[in-house]
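Enquirer: Residue-level listing of the chains:
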Amino acid sequence: MLIEELHPLQEERADDPESLGELAGGAEAGVFRHIGRRNRRGDGLSKSSGAEIYTDDIVLPGMLHAKILRSVHPHARIRSIDTAQALALDGVHAVITGSDLPTAYGIIPWTRDEHALALDKVRFVGDAVASVAAVDEGTALAALDLIDIDYEPLPHLLDPEEALSNPETAIHAPRKEGLNGNVTKHVKLEFGEVDELMSTAHLTVQGEYVFHGTTHTAIEPHCSLARVAQDGMLTVWSATQVPHYLHRELARVLELDPARIRVIQPAVGGAFGGKSEPFDLEFCVALLALRTGRPVKCLYTREEVFYAHRGRHPMKMTYTVGASKDGRIRAVDAKTILDGGAYASFGLVTTYYSGQLLTAPYTIDSYRFESTRVYTNKPPCGPKRGHGSVQPRFAFEVSLDKVAEALEMDPIEFRRVNFMGTGRTVNEFRILSNGFLECLDAVEQASGWKDKFRKLPYGRGVGVAGSCYISGTNYPIYPNPLPQASAQVQIERSGRVTVLHGASEIGQGSDATMACIAAEELGVPIDYVRVFSADTDLTPVDLGAYSSRETLMVGNACLMACRELGDKIRSSVAREWSIRADRVELAGGWAFDRAEAANPDHRLPIAAAFHLAEAEHGTLGSVGHYNTPKEGVHGDYRGGTIGASPAYSFTAHVAEAEVDPETGFVRVEKIWVAHDCGRALNPALVEGQIEGSAYMGWAEAVMEEHAMMRGEHEGGLHHGPSLLDYRIPTSLDCPEFVAIIVEAVDPEGPYGAKEAGEGPLHPSLPAIANAIYDAVGVRMDSLPFTPDRVWRAMQEKG
Amino acid sequence: MHERDALRLQDQPAVPGCRTGEDVAAEQKSGLVGLKQIVRFRVNGDAVEVGVPSQYTLLETLRYGLGLTGSKQGCDKGDCGACTVILDGRAVLSCILPTQEADGHDVTTVEGLALGSDPHPLQDALDLTGGAQCGFCTPGILCSAFALLEENPAATREEIARALAGNLCRCTGYTKIFEAVELAGEAMRLDQSPVDLLAKKRGAAAAPASNP
Numbered sequence: 004m005l006i007e008e009l010h011p012l013q014e015e016r017a018d019d020p021e022s023l024g025e026l027a028g029g030a031e032a033g034v035f036r037h038i039g040r041r042n043r044r045g046d047g048l049s050k051s052s053g054a055e056i057y058t059d060d061i062v063l064p065g066m067l068h069a070k071i072l073r074s075v076h077p078h079a080r081i082r083s084i085d086t087a088q089a090l091a092l093d094g095v096h097a098v099i100t101g102s103d104l105p106t107a108y109g110i111i112p113w114t115r116d117e118h119a120l121a122l123d124k125v126r127f128v129g130d131a132v133a134s135v136a137a138v139d140e141g142t143a144l145a146a147l148d149l150i151d152i153d154y155e156p157l158p159h160l161l162d163p164e165e166a167l168s169n170p171e172t173a174i175h176a177p178r179k180e181g182l183n184g185n186v187t188k189h190v191k192l193e194f195g196e197v198d199e200l201m202s203t204a205h206l207t208v209q210g211e212y213v214f215h216g217t218t219h220t221a222i223e224p225h226c227s228l229a230r231v232a233q234d235g236m237l238t239v240w241s242a243t244q245v246p247h248y249l250h251r252e253l254a255r256v257l258e259l260d261p262a263r264i265r266v267i268q269p270a271v272g273g274a275f276g277g278k279s280e281p282f283d284l285e286f287c288v289a290l291l292a293l294r295t296g297r298p299v300k301c302l303y304t305r306e307e308v309f310y311a312h313r314g315r316h317p318m319k320m321t322y323t324v325g326a327s328k329d330g331r332i333r334a335v336d337a338k339t340i341l342d343g344g345a346y347a348s349f350g351l352v353t354t355y356y357s358g359q360l361l362t363a364p365y366t367i368d369s370y371r372f373e374s375t376r377v378y379t380n381k382p383p384c385g386p387k388r389g390h391g392s393v394q395p396r397f398a399f400e401v402s403l404d405k406v407a408e409a410l411e412m413d414p415i416e417f418r419r420v421n422f423m424g425t426g427r428t429v430n431e432f433r434i435l436s437n438g439f440l441e442c443l444d445a446v447e448q449a450s451g452w453k454d455k456f457r458k459l460p461y462g463r464g465v466g467v468a469g470s471c472y473i474s475g476t477n478y479p480i481y482p483n484p485l486p487q488a489s490a491q492v493q494i495e496r497s498g499r500v501t502v503l504h505g506a507s508e509i510g511q512g513s514d515a516t517m518a519c520i521a522a523e524e525l526g527v528p529i530d531y532v533r534v535f536s537a538d539t540d541l542t543p544v545d546l547g548a549y550s551s552r553e554t555l556m557v558g559n560a561c562l563m564a565c566r567e568l569g570d571k572i573r574s575s576v577a578r579e580w581s582i583r584a585d586r587v588e589l590a591g592g593w594a595f596d597r598a599e600a601a602n603p604d605h606r607l608p609i610a611a612a613f614h615l616a617e618a619e620h621g622t623l624g625s626v627g628h629y630n631t632p633k634e635g636v637h638g639d640y641r642g643g644t645i646g647a648s649p650a651y652s653f654t655a656h657v658a659e660a661e662v663d664p665e666t667g668f669v670r671v672e673k674i675w676v677a678h679d680c681g682r683a684l685n686p687a688l689v690e691g692q693i694e695g696s697a698y699m700g701w702a703e704a705v706m707e708e709h710a711m712m713r714g715e716h717e718g719g720l721h722h723g724p725s726l727l728d729y730r731i732p733t734s735l736d737c738p739e740f741v742a743i744i745v746e747a748v749d750p751e752g753p754y755g756a757k758e759a760g761e762g763p764l765h766p767s768l769p770a771i772a773n774a775i776y777d778a779v780g781v782r783m784d785s786l787p788f789t790p791d792r793v794w795r796a797m798q799e800k801g
Numbered sequence: 198m199h200e201r202d203a204l205r206l207q208d209q210p211a212v213p214g215c216r217t218g219e220d221v222a223a224e225q226k227s228g229l230v231g232l233k234q235i236v237r238f239r240v241n242g243d244a245v246e247v248g249v250p251s252q253y254t255l256l257e258t259l260r261y262g263l264g265l266t267g268s269k270q271g272c273d274k275g276d277c278g279a280c281t282v283i284l285d286g287r288a289v290l291s292c293i294l295p296t297q298e299a300d301g302h303d304v305t306t307v308e309g310l311a312l313g314s315d316p317h318p319l320q321d322a323l324d325l326t327g328g329a330q331c332g333f334c335t336p337g338i339l340c341s342a343f344a345l346l347e348e349n350p351a352a353t354r355e356e357i358a359r360a361l362a363g364n365l366c367r368c369t370g371y372t373k374i375f376e377a378v379e380l381a382g383e384a385m386r387l388d389q390s391p392v393d394l395l396a397k398k399r400g401a402a403a404a405p406a407s408n409p
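Order-wise, the sequence lines are chains F and G.
Under my numbering, the first residue of the first sequence is numbered 4, with each subsequent residue one higher.
Under my numbering, the first residue of the second sequence is numbered 198, with each subsequent residue one higher.
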């Protein structure tokens, strides 16, 4: 029965009815129409035509421009601020300082130690002190010049060990009397009998490893725009990857009813963790809009992006690994100092992650880590792609290379011997799927490893490394029992499906992923699905794009909403045909009978099926949510929840490098990356994440360094806060990346999907270090592998 | 030092040519502010005449003066290439080009690449390969690639890499961008659509499920 004549174009878009038999198994049997195909992203043409709207592209009538005055001192007390001259400048509408925004904030509720504008003290060069709203940027900048600040410089600490041993120069007041105010967090955890197993090990390898510090460098600088409507409603558009957390913190700091705030995340031009907490400009534009009654925009300069930072923590790591004669990892003992910079940011979590995320994919009989995050007078460090675990993974995988060598084992074979499979890690995380062996096999074969390892001429080498990463975290940043992710799905009479979800599309393709899931479940062409995301007025809550959580968590929420709708549609169609509902398949633009796929009487264009369901059930809409499993997925020790994930991804890299013996220049020619992402919902997107991750890790290994100057006068200044001086790779620098997808489907993920956005970065650094050793016989335990360092290491070896 | 560099070091000597707050205040008193220039040039085929502040770069004129926000500002120093546009057939960095340099010339921005309502093969190819992730470098990448393919549609991967060396991409590792430019070049040479060409290369089963 057709309730309504359909538009002729709709049948044209449906699959050839003859082909429906191939789809009759349904998704539960692994028969997919959209999943697993290289579908277009949906936003690709909008991005390639220049039509995509990023925050800085939005212009509102009467809009003012804000600028932020920043500290020139790494550590100083603010004696006074005089803004009178700035306010007097023609075109200046408002000037705000720390006393206008006195409430502290911070992404982790236990360590709220930041203010939008410094209250009494500045803690790094670049700390925000005052903000101006003016008719244009030039006037706002001129006004910043006219703000007079009387600073009392304080001794500054740029080295974490120095900060540890100088508690009298407290960067922050100690939380309790007697504690060192320069320590953000100290964690010590032990699993198993480390001392005993270490002392009885066949051999132990000890090393000191240094990660130098790198930053995200998204090409879009941070930007925010605020508007206050006549009724007082505040809207903030921002280049953020955490609109929900921004919403909460805006309400707290501005002391506004959160129901009267709307946060919209427009297209974001890259983030990589660098936009995953509130930043000063978001509070400044909001308050300036409230004060002036006009829309206010602020766009960071590239220099400000470098100082805002939140990049990967420099770490100094001491690792001891003990192994048995047959190559089993008996004990791992790690001690790590994290250089946190001036504020806590995600540091509490980073401190745990620096140890907790290391315990797979290998069986480790006993493990101890002690990590200390220290404040220094430098730009705050935070989460960068592979949060907290890229640095220890480097130390660990280089250690394993040394152990394998000492045991005269092939390093790939060594890793195979220690493969843990599924089950419990030594720190009690539950792993249900593990494709690491297939990853190792894939890179071994693709790279021609057996013909290369220890066989290439001097100056050329190959190295291997493995890793594991989380697909979201089991617990949200602020403790609550509410769902971690949610989605709402509506069906319109044309057959169009609308998905509203809170996930932050930051380039990784979360919108495309939700479209793919909805199309698969509801049987429509993929471009019939319209996706709206990350607008707190329109879309249900999601916690944001961090910890590689979107595909698994929001994907599951979307799946739940779609399946509820699908059930209604199937039952209505089944009633019409007088068959059981589980025989009705929605796929390829049709509702059809699985048992009789060729029966034309049991076949309806999908829009007609939707009409039947709407006639029976009323307006077609549903909501779905996802919450993480809490039982039996982690230990119940203190900190046992941090780093626990519903599902874990696995990666193996082989890097092939050429080292110039004359100059120490390392040219990585090719990196083979095999990544177990569970079910690859869209292989093109997954490859994009694998290639982008491997690229970013390789760049951190050989090119990039986020470093501050030292000395009395220039101490705390960035060495080169520009994209010319902070060298990220160009198209001429890159090695060839070979991305290989391994699919160990996981019962927790939507269709078995796990993460792909961060895991594949980890092995880049140690694989290159191990390749350098294979090439020229020097161990590079300190990053980055720049020519001067490699050359010096070769000289020292002689 | 550019006028936008907010992080001014107060204790350092003034950089020549950079106006201080005191300068601006004095200018306001003397009525000297607000000097404008009028420039006439072609943008994406249309003759335009626009009055903008005399210090505006071409990027500022495009974005703020003409509302063409496709060209992006990533660094404002000529380092990242997100602002790349085509001036008389040549890829240039609009964020360091004074607007008057465009006076009397032809400018093509990303908004002008499409062929009427159809995407340019480069735009379509980039979508097909997944060469745009966050999309922020994309307008500049496309303008550089467009200038290259106009001159040499048979560009090799090495020539493509060289042509794109001034455009930083932070998402992709460039692999899928290279694939897109190669695909577009081949499609242009064979006068086929990138989608058909890719389908042939991959085999029909793996072809993208939907067309725009």
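FYI, nobody ran anything at the bench for these hints, they're computed from the structure.
Being a predicted model, the structure only gives us computed values, none of them experimental.
Among the hints, a few may not be true.
Said to hold, decoys possible - With a straight-line cut-off of 25 Å between C-alpha atoms, the simulated SDA-like cross-links for lysine to any residue are:
{"#": "1", "chain 1": "G", "residue 1": "K397", "chain 2": "F", "residue 2": "T86"}
{"#": "2", "chain 1": "G", "residue 1": "K274", "chain 2": "F", "residue 2": "I743"}
{"#": "3", "chain 1": "G", "residue 1": "K398", "chain 2": "F", "residue 2": "A54"}
{"#": "4", "chain 1": "G", "residue 1": "K274", "chain 2": "F", "residue 2": "R115"}
{"#": "5", "chain 1": "G", "residue 1": "K233", "chain 2": "F", "residue 2": "D60"}
{"#": "6", "chain 1": "G", "residue 1": "K226", "chain 2": "F", "residue 2": "R115"}
{"#": "7", "chain 1": "G", "residue 1": "K274", "chain 2": "F", "residue 2": "T86"}
{"#": "8", "chain 1": "G", "residue 1": "K274", "chain 2": "F", "residue 2": "R41"}
{"#": "9", "chain 1": "G", "residue 1": "K233", "chain 2": "F", "residue 2": "F35"}
{"#": "10", "chain 1": "G", "residue 1": "K397", "chain 2": "F", "residue 2": "F35"}
{"#": "11", "chain 1": "G", "residue 1": "K274", "chain 2": "F", "residue 2": "H722"}
{"#": "12", "chain 1": "G", "residue 1": "K274", "chain 2": "G", "residue 2": "G262"}
{"#": "13", "chain 1": "G", "residue 1": "K398", "chain 2": "F", "residue 2": "V138"}
{"#": "14", "chain 1": "F", "residue 1": "K673", "chain 2": "G", "residue 2": "R359"}
{"#": "15", "chain 1": "G", "residue 1": "K226", "chain 2": "F", "residue 2": "S22"}
{"#": "16", "chain 1": "F", "residue 1": "K673", "chain 2": "F", "residue 2": "H722"}
{"#": "17", "chain 1": "G", "residue 1": "K274", "chain 2": "F", "residue 2": "M706"}
{"#": "18", "chain 1": "G", "residue 1": "K233", "chain 2": "F", "residue 2": "D93"}
{"#": "19", "chain 1": "G", "residue 1": "K397", "chain 2": "F", "residue 2": "M712"}
{"#": "20", "chain 1": "G", "residue 1": "K233", "chain 2": "F", "residue 2": "P64"}
{"#": "21", "chain 1": "G", "residue 1": "K397", "chain 2": "F", "residue 2": "R115"}
{"#": "22", "chain 1": "G", "residue 1": "K398", "chain 2": "F", "residue 2": "L459"}
{"#": "23", "chain 1": "G", "residue 1": "K233", "chain 2": "F", "residue 2": "L735"}
{"#": "24", "chain 1": "F", "residue 1": "K319", "chain 2": "F", "residue 2": "R782"}
{"#": "25", "chain 1": "G", "residue 1": "K397", "chain 2": "F", "residue 2": "H250"}
{"#": "26", "chain 1": "F", "residue 1": "K338", "chain 2": "F", "residue 2": "L459"}
{"#": "27", "chain 1": "G", "residue 1": "K274", "chain 2": "F", "residue 2": "F422"}
{"#": "28", "chain 1": "F", "residue 1": "K673", "chain 2": "G", "residue 2": "K226"}
{"#": "29", "chain 1": "F", "residue 1": "K673", "chain 2": "G", "residue 2": "G262"}
{"#": "30", "chain 1": "G", "residue 1": "K274", "chain 2": "F", "residue 2": "R782"}
{"#": "31", "chain 1": "G", "residue 1": "K398", "chain 2": "F", "residue 2": "D60"}
{"#": "32", "chain 1": "F", "residue 1": "K191", "chain 2": "F", "residue 2": "R115"}
{"#": "33", "chain 1": "G", "residue 1": "K398", "chain 2": "F", "residue 2": "F35"}
Stated by the list, open to error - FRET-style restraints, in silico, Cβ to Cβ:
{"#": "34", "chain 1": "F", "residue 1": "K191", "chain 2": "G", "residue 2": "Q252", "range": "37 to 47 Å"}
{"#": "35", "chain 1": "F", "residue 1": "E211", "chain 2": "G", "residue 2": "Q389", "range": "32 to 42 Å"}
{"#": "36", "chain 1": "F", "residue 1": "R533", "chain 2": "G", "residue 2": "E347", "range": "30 to 40 Å"}
{"#": "37", "chain 1": "G", "residue 1": "D285", "chain 2": "F", "residue 2": "E21", "range": "47 to 57 Å"}
{"#": "38", "chain 1": "G", "residue 1": "D393", "chain 2": "F", "residue 2": "A409", "range": "29 to 39 Å"}
{"#": "39", "chain 1": "F", "residue 1": "E14", "chain 2": "G", "residue 2": "A351", "range": "53 to 63 Å"}
Quick reminder that beta carbons are idealized off the backbone N, C-alpha and C, glycines included.
Enquirer: Now tell me, hint by hint, if it's right for this structure.
Expert: Results of checking the hints against the structure:
A hinted pair counts as satisfied when its Cα atoms are at most 25 Å apart, and K397 (chain G) with T86 (chain F) does not qualify at roughly 66 Å. Taken as a hint, the K274 (chain G) and I743 (chain F) pair is broken in the structure, with Cα atoms around 37 Å apart against an allowance of 25 Å. For the given pair, K398 (chain G) sits about 29 Å from A54 (chain F) by alpha-carbon distance, which is inconsistent with the 25 Å threshold. At roughly 35 Å between alpha-carbon atoms, K274 (chain G) and R115 (chain F) are farther apart than 25 Å, so this suggested pair is violated.
A C-alpha spacing of about 23 Å is found between K233 (chain G) and D60 (chain F), which places the hinted pair at or below 25 Å, so the restraint holds. With a C-alpha separation of about 45 Å, the suggested pair K226 (chain G) and R115 (chain F) falls outside the 25 Å cut-off, and the hint is violated. In summary, the hint linking K274 (chain G) to T86 (chain F) is not supported, as the alpha carbons are separated by about 30 Å, beyond the 25 Å threshold. Proposed proximity of K274 (chain G) and R41 (chain F) is contradicted: the alpha carbons are some 37 Å apart, above 25 Å.
For the hint pairing K233 (chain G) with F35 (chain F), the CA-to-CA distance comes to about 60 Å; that exceeds 25 Å, so the pair is violated. Taking the CA atoms of K397 (chain G) and F35 (chain F), the gap is about 22 Å. The hint holds against a cut of 25 Å. With a C-alpha separation of about 17 Å, the suggested pair K274 (chain G) and H722 (chain F) falls inside the 25 Å cut-off, and the hint holds. At most 25 Å may separate the alpha-carbon atoms for a hinted pair to count; K274 (chain G) and G262 (chain G) meet this at roughly 20 Å.
For the suggested pair K398 (chain G) and V138 (chain F), the alpha carbons sit about 54 Å apart, so the restraint of at most 25 Å is broken. Only pairs whose Cα atoms come within 25 Å are accepted, and K673 (chain F) paired with R359 (chain G) is accepted, the gap being roughly 19 Å. At roughly 78 Å between alpha-carbon atoms, K226 (chain G) and S22 (chain F) are farther apart than 25 Å, so this suggested pair is violated. Annotation: proposed proximity of K673 (chain F) to H722 (chain F) is violated, straight-line Cα distance about 30 Å (limit 25 Å).
A threshold of 25 Å between alpha carbons decides the hint, and for K274 (chain G) with M706 (chain F) the separation of about 21 Å falls inside it, so the pair holds. Taking the CA atoms of K233 (chain G) and D93 (chain F), the gap is near 18 Å; set against the 25 Å cutoff, the hint holds. Restraint check for K397 (chain G) and M712 (chain F): not satisfied, since their Cα atoms lie roughly 55 Å apart, outside the 25 Å limit. For the suggested pair K233 (chain G) and P64 (chain F), the alpha carbons sit about 21 Å apart, so the restraint of at most 25 Å is met.
A distance of roughly 56 Å separates the Cα atoms of K397 (chain G) and R115 (chain F); the hinted pair therefore is violated under the 25 Å criterion. A distance of roughly 35 Å separates the Cα atoms of K398 (chain G) and L459 (chain F); the hinted pair therefore is violated under the 25 Å criterion. A distance of roughly 40 Å separates the Cα atoms of K233 (chain G) and L735 (chain F); the hinted pair therefore is violated under the 25 Å criterion. Restraint check for K319 (chain F) and R782 (chain F): the C-alpha separation of about 16 Å stays at or below 25 Å, so the hint holds.
Under the criterion of a C-alpha separation no larger than 25 Å, the hint pairing K397 (chain G) with H250 (chain F) is inconsistent with the structure, at around 48 Å. Between K338 (chain F) and L459 (chain F) the CA atoms are separated by roughly 35 Å; this puts the pair beyond 25 Å, and the hint is violated. Among the hinted pairs, K274 (chain G) with F422 (chain F) is inconsistent with the structure: their alpha-carbon atoms are about 49 Å apart, more than 25 Å. For a cut-off of 25 Å, the pair hint linking K673 (chain F) to K226 (chain G) is broken: about 62 Å separates their Cα positions.
Our distance criterion of 25 Å between C-alpha atoms is broken by K673 (chain F) and G262 (chain G), whose separation comes to about 45 Å. In summary, the hint linking K274 (chain G) to R782 (chain F) is not supported, as the alpha carbons are separated by about 38 Å, beyond the 25 Å threshold. Only pairs whose Cα atoms come within 25 Å are accepted, and K398 (chain G) paired with D60 (chain F) is rejected, the gap being roughly 38 Å. At most 25 Å may separate the alpha-carbon atoms for a hinted pair to count; K191 (chain F) and R115 (chain F) meet this at roughly 23 Å.
For the given pair, K398 (chain G) sits about 22 Å from F35 (chain F) by alpha-carbon distance, which is consistent with the 25 Å threshold. Taking the beta carbon of each, K191 (chain F) and Q252 (chain G) are about 57 Å apart, not inside 37 to 47 Å as hinted. The hinted range of 32 to 42 Å is not satisfied by E211 (chain F) and Q389 (chain G), whose Cβ atoms lie roughly 58 Å apart. About 35 Å separates the C-beta atoms of R533 (chain F) and E347 (chain G), a value consistent with the hinted range of 30 to 40 Å.
The hinted range of 47 to 57 Å is satisfied by D285 (chain G) and E21 (chain F), whose Cβ atoms lie roughly 54 Å apart. Range check, D393 (chain G) to A409 (chain F): about 57 Å between beta-carbon atoms, so the 29 to 39 Å window is missed. A C-beta distance of roughly 42 Å is found between E14 (chain F) and A351 (chain G), which places it outside the suggested range of 53 to 63 Å.
Consistency with the previously given hints fails for numbers 1, 2, 3, 4, 6, 7, 8, 9, 13, 15, 16, 19, 21, 22, 23, 25, 26, 27, 28, 29, 30, 31, 34, 35, 38 and 39, ordered from lowest to highest.
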